[in-house]
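> On the provided structure of chain A, position chain B as indicated by the hints.
There are 2 protein chains.
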Amino acid sequence: MLLRNCRFIITQNQKREILENKDILIENGKVMEIGNVTEMGNNLSKKDEFIDCSDKIIIPGLINCHTHAAMNLLRGVSDDKNLQEWLNEDIWPRETKINGEFCYQGTLLAAGEMLLTGTTCFNDMYFHIGDVARAADKSGMRCFLGQVMFDFFDGEKTKKIIEDSESEIKKIIDLKNERINPTVTPHSVETCSDELLIQSRDLANKYNLLLHMHLSETEKEVTDCLKNRGKRPLILLDDLGLLKNKFIGAHGIHFNQEEINLLNQNKFFIIYNPCSNAKLASGICPAWELKSLCIGTDSVASNNNLNLFEEMKFGVLLQRVKYNDVSAMSTQRIFDSATIEGARALGIENDVGSIEIGKKADLGLIDKDNIFLNPNHNIISNLVYSFNGAVSDVIVEGEFAVRNKEIVNFDLEELIEKVEKFREIL
Amino acid sequence: MLLRNCRFIITQNQKREILENKDILIENGKVMEIGNVTEMGNNLSKKDEFIDCSDKIIIPGLINCHTHAAMNLLRGVSDDKNLQEWLNEDIWPRETKINGEFCYQGTLLAAGEMLLTGTTCFNDMYFHIGDVARAADKSGMRCFLGQVMFDFFDGEKTKKIIEDSESEIKKIIDLKNERINPTVTPHSVETCSDELLIQSRDLANKYNLLLHMHLSETEKEVTDCLKNRGKRPLILLDDLGLLKNKFIGAHGIHFNQEEINLLNQNKFFIIYNPCSNAKLASGICPAWELKSLCIGTDSVASNNNLNLFEEMKFGVLLQRVKYNDVSAMSTQRIFDSATIEGARALGIENDVGSIEIGKKADLGLIDKDNIFLNPNHNIISNLVYSFNGAVSDVIVEGEFAVRNKEIVNFDLEELIEKVEKFREIL
Chain A
146 MLLRNCRFII TQNQKREILE NKDILIENGK VMEIGNVTEM GNNLSKKDEF
196 IDCSDKIIIP GLINCHTHAA MNLLRGVSDD KNLQEWLNED IWPRETKING
246 EFCYQGTLLA AGEMLLTGTT CFNDMYFHIG DVARAADKSG MRCFLGQVMF
296 DFFDGEKTKK IIEDSESEIK KIIDLKNERI NPTVTPHSVE TCSDELLIQS
346 RDLANKYNLL LHMHLSETEK EVTDCLKNRG KRPLILLDDL GLLKNKFIGA
396 HGIHFNQEEI NLLNQNKFFI IYNPCSNAKL ASGICPAWEL KSLCIGTDSV
446 ASNNNLNLFE EMKFGVLLQR VKYNDVSAMS TQRIFDSATI EGARALGIEN
496 DVGSIEIGKK ADLGLIDKDN IFLNPNHNII SNLVYSFNGA VSDVIVEGEF
546 AVRNKEIVNF DLEELIEKVE KFREIL
Chain B
146 MLLRNCRFII TQNQKREILE NKDILIENGK VMEIGNVTEM GNNLSKKDEF
196 IDCSDKIIIP GLINCHTHAA MNLLRGVSDD KNLQEWLNED IWPRETKING
246 EFCYQGTLLA AGEMLLTGTT CFNDMYFHIG DVARAADKSG MRCFLGQVMF
296 DFFDGEKTKK IIEDSESEIK KIIDLKNERI NPTVTPHSVE TCSDELLIQS
346 RDLANKYNLL LHMHLSETEK EVTDCLKNRG KRPLILLDDL GLLKNKFIGA
396 HGIHFNQEEI NLLNQNKFFI IYNPCSNAKL ASGICPAWEL KSLCIGTDSV
446 ASNNNLNLFE EMKFGVLLQR VKYNDVSAMS TQRIFDSATI EGARALGIEN
496 DVGSIEIGKK ADLGLIDKDN IFLNPNHNII SNLVYSFNGA VSDVIVEGEF
546 AVRNKEIVNF DLEELIEKVE KFREIL
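In order, the protein sequences belong to chains A and B.
Going by the working numbering, the residue at position 38 of the first sequence is 183; the numbering climbs one at a time, nothing skipped.
Going by the working numbering, the residue at position 72 of the second sequence is 217; the numbering climbs one at a time, nothing skipped.
No distinction is drawn between identical chains; accordingly, a pair holds when it is met within one copy or between any pair of copies.
Derived pair list, reagent style DSSO-like, types lysine-lysine, alpha-carbon separation capped at 27 Å: (1) Lys513 / Lys283; (2) Lys513 / Lys563; (3) Lys242 / Lys304; (4) Lys513 / Lys566; (5) Lys467 / Lys365; (6) Lys550 / Lys513; (7) Lys389 / Lys316; (8) Lys160 / Lys226; (9) Lys315 / Lys283; (10) Lys226 / Lys436; (11) Lys302 / Lys391; (12) Lys467 / Lys436; (13) Lys226 / Lys467.
Just so you know, the hints here were simulated from the structure itself, not pulled from any lab data.
Since the structure is predicted, the reported quantities are computational estimates derived from the model, not experimental observations.
Just chain A, same shape as in the assembly (with noise of 0.2 Å):
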């Protein structure tokens, strides 16, 4: 496929090029050549298909470093509740109704959602693993996915609960879709006792697979575990070696400046979460402080979209507010935190996070004639801050999985009606 005179191709190369007028030329699902069609025309064949782009800005397909996608069902059920009473009241009751389909369709929904908006990679940690891998499966997306672990430090469970998840690990890898990634997810240190912790860390080490948590959300979680366990959360995970494995904490809030400094001094990402932190009245993460940073969007259940160009936009402004401050975060870093730095937090940026020469073909097509991204005076500044998230196509691996603001894979009115069935059960 030959992507022909890209009007612009935002590289988040190294350099941070932005190309203007070159053609993008993709074979086996990945970029072989960048530059202009006749210095490639070795390389094409009459199989490729030629798609004009003269009118298209190309990014590199972002990347939703934190969801539960199959809760894209509970958009709007709790919208005035901070995180223990939305949890205990609203969304843990409902969520013992559900089951595989419920969570094959919410995630199928909610990669519909990911894909209008540019996003072809998400980072998820929810129930029926299974189900949410055959949902992502069939929309085309890429993901890494874990089956949520927690015990209540009730010992008894903690033996059952990881042979679960290791037996959906198994699943996972006998997929051998080299899209579709598992990952380690004990909830957090609120839900999961020190032996589910440690069992979990050395479940990851077996497989070598990353862990990704839960990590200081709620200020609640810092003095809980204070007083149950004597030390913070991030120094019980160090203390319990997890933070030796590749780790990958959500939300991020309530650190002070030790664990600001021992942060900084290993390489594991936190993923800043804005909106679903400000919505939960959680508090604001300190992104600008943090020198491993990506982003996501937590569930619609507390956001209440999947649309990481509003979650960019709103990164920045919520840190400009923490700090009183101007310079907190600036339009290019936030825009790497949900591109080439969310690809190095989940430790695939050799292959995605950047459109560049040897990488994966997952990228968002954008028609620069849209009203949001004019005049064009700064065009980084203009996806942050104004552009709605509408993308015109989306390609993952060199496949088209959005095309001309459709999705491809899967017929999205059909599934809204189906969902909206299960609205009736919860």
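Using the frame of chain A, we list chain B on its own:
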């Protein structure tokens, strides 16, 4: 015109009723009936245009209470400065280069963006308002327009400034276009002498017009006013008699308790501008504590768009951050601020702001199958927190201004080409 079988009508009437599967009959620009088509048979003539709305959500056209529309041409020119530096270094030097044509084209682009996101009325403050009025007229929008005034405490300029403003007001009155209304707009206490403020008051009195100005936007504005005039901005305006007029204050961030009490004893409105205030690190308006609240986007130069749906969402999120309380600002109240309360702020609550018999037909139509609005557990929540603003149709005073996502009254593509040329001048 008959909007037939509307799936949902968000009336925003006193009871905040949401009607299902009802028709709306529009005649002479007004809502004549809301009910079932059989019941309104007598009012139907053959001329009536029937619009199937069985897959539409109908909302009152949104009201943007603080804009500088022509500044749409300055989108993205300066993203990382505080209000003073942003004005002095990046905005005012560019504004010396603008002319009537700039203001016409810029306002037309702004009108396109507002219409495509469901806004039917805006309250503007800028230069060359005759040209702003021409653009507003062309677009079909409803608006309030004021020629911005500042004398920078140079007493020799004051008289001429007021004369110019009066001359512009007369021109707008002479248009005899009831959609286009003049206002009196002294810029702020930072830039206007007492004499200019007093004469502004008298000018507004003379023609019975709304006074619209920036108020307590930054801490510096308050400390300068205290230092130079011995009182805080709101108290200064009160003492000069401006608050006895019809008055509306933009931003309204830095108030002490005495000022909040004064505001709540009066009837005039504060315009909450969450995105602009956060982006310029000006602070957060105490919106939750104010009785009379409407909402605005400010200009795209500090936002960087005019999408009131995004503004509503971020408006709630910022209140939760400010007060560290999930009950800060309800979903319904922020929706009110962009509809019926916006109308009240501008003194046009008997004409627009809700969908009721006898009111003008200023309406937004939204596809109920939009992915951001499903599932539909709570329709107001979905509109405020999830929807990206892409309405399908807009009606102003009974006439389509947007039809099937296309601007009706001007060629957007041609306009975007035109405005790109201004970029070179700036």
